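S.K.: Sequence:
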Amino acid sequence: MVRCRRWCRGLILFCLPWLLSGCWDQLSMTQRAAAVVVYVTNTQHHQLEWTFYFPNPAVMVSSILNLSSKRQFYTTQVRAPSLLDAVERASGTLARQIYMGQMEDILLSRNISSRQMAAIVDDYNRNGSWSKSAYMVVVPATSHPLPIESQEPVPDVFYTSYFTCSTCHPLYLGEQEWQVWDELETPGVSTVLPYAAQSQRPDQVMVYPQQGPHYLWSRAQTKAWATLANRMKRATITLVTAKGPIDIKDVRVRTTTHIIMHHGELDVQARVHAVGDLAGWPQSMLVTTKELKWIEAQASRCLIWWCTAAVQRANQTKTDPFGWGRAYLFSHPTVDALYSEEPTIEWPITAHFTVTTHLFVTGVNT
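For the sequence shown, the working numbering assigns the number 1 to the initial residue and increments by one for each residue that follows.
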């Protein structure tokens, strides 16, 4: 027994130098490349083009690939009909196995169709070792949606940092891959992805029906969607009145709904309660309790107008970005059984809104 213990200790001591050295890590890094972002777009010849972004190890440790430390990412670009083929071809181009377990963002060009988006999500979700928490974002068609010059902190994946920041976004638009896949597989809801135009802070949404073209919603429509989907966290509303502009900041809402089916349409009763801070008003206005009530009424009318326009937009495009059809099916199991195999079902919507607004302002008693 003692002899066996001595033999085990000797074996451990013999292997210890190799275990403590960096050889294992270096071998892994030289054979694998951990992608953190993938961007896909359609070329002029209707081919899918994939760009994989990798953290540049030269900005963190001594250069392994002889890359300039001024570049935050290095990339490889391939053309392939599917995500799995793209990973295989990119691995061959780099002569390293691409590892997708650290994926943070999946960027889709706005020229990617609803059908192509669904196929990409399906391919991604089939691989159990890939990160399902990656955020999906729609961006304009461009050759490089992410800057690759040095940033602080380094490396930094911008969209991930934005979505995980609890105080950064007025509207929470983040959609992770598993959520998108769930929406694609669930009847009664259209997929909604954040859209980032020029900045790295998305402020619009792209709505994807189960079939047909996708639609970009305006900023006002996006705010209305966030209101009805309980995604408004700290938005700003500017009221244009005869007395002058009135600014309301840090607006947050709580929306409850009651949904029934009436003559083949979803009949929705939505109650919206909004709270915000009165931040600016015309100098000629004396903000008394009476005036504050008037401003609250104007804010409620603005929200009603937004929400009504958003529902009209949903009906015009035959979409349900609010998920009201899904909510109705969830609360009616017998009906859900009839549509469980039909994820494309989306009913017309009739909505009625009741909105109350309460504003806070320093020095005014309400």
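Since the hints were made in silico from the structure, they are not lab data. There may be inaccurate statements among the hints.
Label-pair distances were calculated between CB atoms; the ranges are [unchecked claim]: (1) R115 <-> K293: 18 to 26 Å; (2) P282 <-> S129: 57 to 65 Å; (3) T236 <-> K132: 15 to 23 Å; (4) V361 <-> Q179: 49 to 57 Å; (5) V361 <-> Q44: 28 to 36 Å; (6) R89 <-> V361: 53 to 61 Å; (7) D182 <-> E88: 24 to 32 Å; (8) H45 <-> S331: 16 to 24 Å; (9) R32 <-> Q179: 53 to 61 Å; (10) R32 <-> S218: 42 to 50 Å.
Below, a list of computed lysine-lysine pairs in the DSS-like style, where the Cα atoms sit at most 25 Å apart [stated by the list, open to error]: (11) K243 <-> K293; (12) K249 <-> K290; (13) K318 <-> K243; (14) K233 <-> K249; (15) K233 <-> K293; (16) K249 <-> K293.
What you are looking at is a predicted structure, and each value in this text was computed from that prediction instead of being measured. Backbone N, C-alpha and C fix where the C-beta goes; we use that ideal spot for every residue, glycine too.
S.K.: Hints broken by the structure, by number, lowest first?
M.R.: 1, 3, 4, 5, 8, 9 and 13
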